[in-house]
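> Position chain P against the provided structure of chain R, taking the given hints into account.
Going down the list, the sequences are from chains R and P. Mapped onto this note's numbering, the consecutive letters of the first sequence carry residue numbers 1 to 558. Mapped onto this note's numbering, the consecutive letters of the second sequence carry residue numbers 1 to 334.
Hints are not guaranteed to be accurate.
Here are some of the chain P residues that sit facing chain R, going by a computed Cβ distance under 7 angstroms [what the hints assert, rightly or not]:
1) G36
2) G39
3) E136
4) L139
5) I205
6) I209
7) V212
8) R213
9) R214
Pulled from the structure, derived: some chain P residues nowhere near chain R, Cβ distances all over 10 angstroms [unchecked claim]:
10) Q18
11) T57
12) W75
13) R86
14) R129
15) A245
16) R248
17) A255
18) T295
Simulated from the structure, these hints should not be mistaken for laboratory data. Beta carbons are placed, not taken as given, at the ideal position from N, Cα and C, and that holds for glycine.
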Amino acid sequence: MTDGADTARTQRALAALAVDPGGLKGITFRARMGPARQALETALRKLPGPQHRIHPAISDDQLFGGLNIAASLAEGRPVRDAGLADQPTMLTLTMAERTPSGLAARLAQLLDTDRGHALILLDEAASAEEGAPQALLDRLAFHIEPKEAATPVRLPAAADLDVARKRLPRVQIPDGALPMLVTLAARFGIHSLRAPSLALRTARALAALDAEMTVTDAQLQEAAELVYPSRATMMPTEAEDEDETPPETPEPDQANAPDTDRDQSLTDLPDDILVSAIAALLPPDILDRLAAKSTRPANAAGSGAGDRRRGNRRGRPLPSRPGHPSAQARIDPIATLRAAAPWQTLRRTGRNADRALVILPSDIRIKRFEDRSDRLLIFTVDASGSAAVARLAEAKGAVELMLAQAYARRDQVALLAFRGTGTDTLLPPTRSLVQAKRRLASLPGGGGTPLASGLMAAGDLAQLARGRGLTPMLVLLTDGRANIPLTGDPDRATANDDATRIAASLRAQGISGVLVDTSNRPTDTARTIAVALGARYLALPRADAHGISTAVTSALGA
Amino acid sequence: MSLAFPFSAIVGQDTMKQALILTAIDPGLGGVLVFGDRGTGKSTAVRALATLLPPITQVKGCPVNSERPEECPDWATVSDTDLVERPTPVVDLPLGVTEDRVTGALDIERALTKGEKAFEPGLLARANRGYLYIDEVNLLEDHIVDLLLDVAQSGINAVEREGLSIRHPARFVLVGSGNPEEGELRPQLLDRFGLSVEVRSPTDIDERIEVVRRRDAFDMDREAFTAKWQLEDAKIRDSILAGRALLRKLEATDAILRDCAALAVALGADGLRGELTLLRAARALAAFEGDAAITRDHLAAVAPLALSHRLRRDPLDEAGSTTRVTRTVAETFG
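Only chain R is shown next, with the shape it has when bound in the complex (with noise of 0.2 angstroms):
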């Protein structure tokens, strides 16, 4: 795909928003900073009606409004201030893989109220584990990932989109055109039912724009092009195939049948042209995405034996502070009136003499308390040739142990499995065991043993954890004969250098854990291993899935 066409679908997608924001609403926009990303910040501007700029951490306050604390402690009567989404706007959520699950939850049940709010989510996940909500992606239009596009975006003329704006309500829709909708939604396995509604109505956007007064066939292939490629769980598998086997797919009989008697121009269009158009929209990497998309992490709280964390809402109560009010932070009415009291006398003049309380913004006390956070088991598993013929099976057995200890702990897991020239992750951090049970099960052996990128792949997924407030700790097994380095090929002295070079910036980065050493002879490369990690070392040369569970738990000190 050229950035020509790139740009073209952003100016579509934009302009199809501008049309009928509260249909639409809004646009995910992945990109890091760049110049694709400031030509769409620059055209954002110029779209019509109010905008804001909103950040993850924003309060329930400034979002919904709330009580200025301060201004009424001066007026002596409640003052409410109007939050930002109080009337239909659009929104522009910045930073949004970071967007608490809370916030996300509050934004969809604004999107759902239907007043015509929009949400533009500019998204600068680094990796495929990250992202915006779903919650939130699931419920808009479009979803644009650009390559690196410096062109700028054109938008049409504010005259054009107010007649287009009119036109709307007027459009018609032809007969054929939501079974076609549906039927290809169905054939890229999406299953959610909002992804047709979108392009319908993206459809409809499209035509107003164009100044027709019926969708066409080529209003209704844009609209396909730009809501369904983000949403694809699979590949469509090719006419042929369809016919005799049919997995998951309709039945395309079934599915043509309608089309056939209606619009003849419209039954041309689904099956070939429209699969190859989006399939060639897809990302490459389809497949380990959807991989990373079914399983977000689970953001609830719950109790672990996590680092500790300084928060205002639960935990053990921590001496109260001076501080601002706001949604996050609870006042501490007693320390307030306490900070309150020896001034009272003196505060008392004026046009306050007839008050009984004279409290001022500095007096107010916070509320804080120290939690722990959750902790988070990253369990790395070789499964290169020489752990498999040693012991892959009984390494499953005791990660399957692990896990159903993690349940009863509330600990999130994550399964990481490095064989041949790179490493794979089987399980981003969930709670969900029966993932991880289904994905351990069917992990395969053999190939070499790239140690170090297992150890790679595991400090990034730790410092992501981080990110999220979790507490990452690492349960590598392993026999520690690293032969594969970082670059790929064979080389088994650059491979232990490699492996021990990063094992040691993973105890800079003061990541704790445990190493089990799988192999049938206890050597020293993997005790150098676990010298250079800072991990404690457990040999268990003849010990079966129960004694690597328990030596793991009590060397992580559960």
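Frame of chain R; chain P shown alone:
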């Protein structure tokens, strides 16, 4: 507030709709848990409930929706004795909510500006006699979950904090929805929901087309669409009202009780709550359908709703429990 999508216009998802209707007939059933994929109409169904349900009568201005003036709590200082009709409350509990907002807390406004100690009621007060809806219930913070469980069971919200000592009734039907891929629900919480439903995206292409068609018609002209379905909604509403009247007259015969027990034992369901819910759900279904007695058919129809989430379960077990219930029902009733 814009118009909600009409309940009767929701295509398919019959089990979910049935479960919600059963709680409308017998609010004592103890809530509904809806687990399933995104975009399957979970939120739509719950929000549609508010317009579907028969209105309630309450004292004007009472923060806990009391039915009679003498039931109004002292702290609320309700001076009105007028009764007004209003829709059944359906209150949303957002994920990031603080404990203060849920239980209610010291009214900071009044405390700071007037120096008065007053209670500001929370979401639990607003949900009294209605529904409390939690989207993504499996992502809710643990301490809020514990609090909700406690109140849902006792029906009373007790606030003991910041020098306040307040109690008020909080009887509500808890409706939770979520996506199981994002995390599981603690068994303790699972058990507190009376009924559980698994929803899936419809796989039938015609059904999917119909869903999108209706949604589109609704979006294009809300008034006309709602008016078109008003009659269907009214029919369900009448059946609910008739069902409520009939509910007390339906007696559980020994044979039915024995069937309930046999089912629960065959499935190895934890505790006795499963049997009780099974019986109540079967009675509510019989009442909704206007039948004179509870039969095995009613039991079989509600068994997956009432029992599938109560089976003793290995956290690593993958087998679907609804299938297990259906199979056991078939075996037990031969």
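> All hints are to be evaluated individually against the structure, with a verdict given for each.
Here's how the hints hold up against the structure:
1. G36: At about 10 angstroms, which exceeds the 7 angstroms cut-off, the nearest Cβ of chain R leaves the hint on G36 of chain P violated.
2. G39: OK, holds: G39 of chain P within 7 angstroms of chain R, min 3 angstroms.
3. E136: holds (6 angstroms)
4. L139: holds (5 angstroms)
5. I205: holds (4 angstroms)
6. I209: Where the cut-off is 7 angstroms and the nearest Cβ of chain R is about 5 angstroms from I209 of chain P, the hint holds.
7. V212: Holds: closest Cβ of chain R sits about 5 angstroms from V212 of chain P, inside 7 angstroms.
8. R213: holds (6 angstroms)
9. R214: Because about 10 angstroms separates R214 of chain P from the closest Cβ in chain R, which is outside the 7 angstroms limit, the hint is violated.
10. Q18: holds (20 angstroms)
11. T57: Per Cβ check, T57 of chain P is outside 10 angstroms of chain R; nearest 27 angstroms; holds.
12. W75: holds (17 angstroms)
13. R86: holds (19 angstroms)
14. R129: R129 of chain P is indeed farther than 10 angstroms from all Cβ atoms of chain R, at 22 angstroms.
15. A245: holds (34 angstroms)
16. R248: holds (38 angstroms)
17. A255: The claim stands: A255 of chain P keeps its Cβ more than 10 angstroms from every Cβ of chain R (closest is about 38 angstroms).
18. T295: Label holds. Min Cβ-Cβ 36 angstroms, cutoff 10 angstroms.
In the structure shown, a violation is registered for the earlier hints numbered 1, 9, in ascending order.
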